[in-house]
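Trainee: Same order as they appear, the protein sequences are chains A and B. Residue 49 in our numbering sits at position 49 of the first sequence, with consecutive numbering throughout. Each number in our numbering comes from the position in the second sequence (counting from 1) with 113 added on.
Possibly wrong hints are sitting among the right ones.
Cross-link-like lysine-lysine pairs, in silico, DSS-like; alpha carbons within 30 Å at most [said to hold, decoys possible]:
hint : chain 1 : residue 1 : chain 2 : residue 2
1    : B       : 191       : A       : 38
2    : B       : 170       : A       : 38
3    : A       : 68        : B       : 191
Between beta-carbon pairs, the in silico distance windows are [what the hints assert, rightly or not]:
hint : chain 1 : residue 1 : chain 2 : residue 2 : range
4    : A       : 113       : B       : 194       : 46 to 56 Å
5    : B       : 177       : A       : 81        : 36 to 46 Å
6    : A       : 113       : B       : 187       : 37 to 47 Å
Derived from the structure by calculation, the hints contain no laboratory data. Beta carbons: idealized from backbone N, C-alpha and C, even for Gly.
Here's the letter readout for the chains.
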Amino acid sequence: DQQVKQNSPSLSVQEGRISILNCDYTNSMFDYFLWYKKYPAEGPTFLISISSIKDKNEDGRFTVFLNKSAKHLSLHIVPSQPGDSAVYFCAASIRAAGNKLTFGGGTRVLVKP
Amino acid sequence: EPEVTQTPSHQVTQMGQEVILRCVPISNHLYFYWYRQILGQKVEFLVSFYNNEISEKSEIFDDQFSVERPDGSNFTLKIRSTKLEDSAMYFCASRTSGPVSNQPQHFGDGTRLSIL
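Take these sequences, add in the hints, and give me the full structure.
Mentor: So, in structure tokens, the structure goes:
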């Protein structure tokens, strides 16, 4: 299932700098997008979401951008902190179809002090 | 903060045996899900459950799988006759509101199922 793709398996960034994570999707029916963070031996933790009627949503250090024409979304973390080191998953859903999530493969982020 | 809890954290079972994975969703949530992640692969949807019935299931969710909400708090996933390829991390998730919603799903910490 390649409907949601995260092309960068890993990302290394210096503490205090910006982390940019990217996600592409192919299904134009997706209308709700989410980012989750996952630590080892834990479940995915919800970070931030955006519906398809918006192009930007911000929550503290986290901002999600949606480019519907390009079928692309990104997560910006500013400033990055060592505690942000985790695997980040992009997910997409169709709200009218019960919101089942289709996940990307994840990007492992390492924030170096 | 309320959370989704899953038990056990690790289940080891012989191939062909039945296994039941248990989940307690967040108490005011209405929609429940099971996902799984085979080692090295993506998290994939198994089934969603709303209003005491399955609302959608994936092609993975065949006749060997079933879900139940036996009481007001538990949500279970049963695999009737386990296969080696059922070895995976199984995540339960829940969310509030009805079928069409901007509310995110909240996940438990998962049950690691190992089939021998």
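Trainee: It remains to establish, for every hint, whether it holds in the given structure.
Mentor: Now for the hints, and whether the structure bears them out:
1. 191(B) / 38(A): Status holds; Cα separation ~25 Å.
2. 170(B) / 38(A): 24 Å, holds
3. 68(A) / 191(B): 39 Å, violated
4. 113(A) / 194(B): 46 to 56 Å: 50 Å, holds
5. 177(B) / 81(A): 36 to 46 Å: 44 Å, holds
6. 113(A) / 187(B): 37 to 47 Å: 43 Å, holds
Checked against the numbered hints given earlier, the structure breaks only hint 3 and satisfies all the rest.
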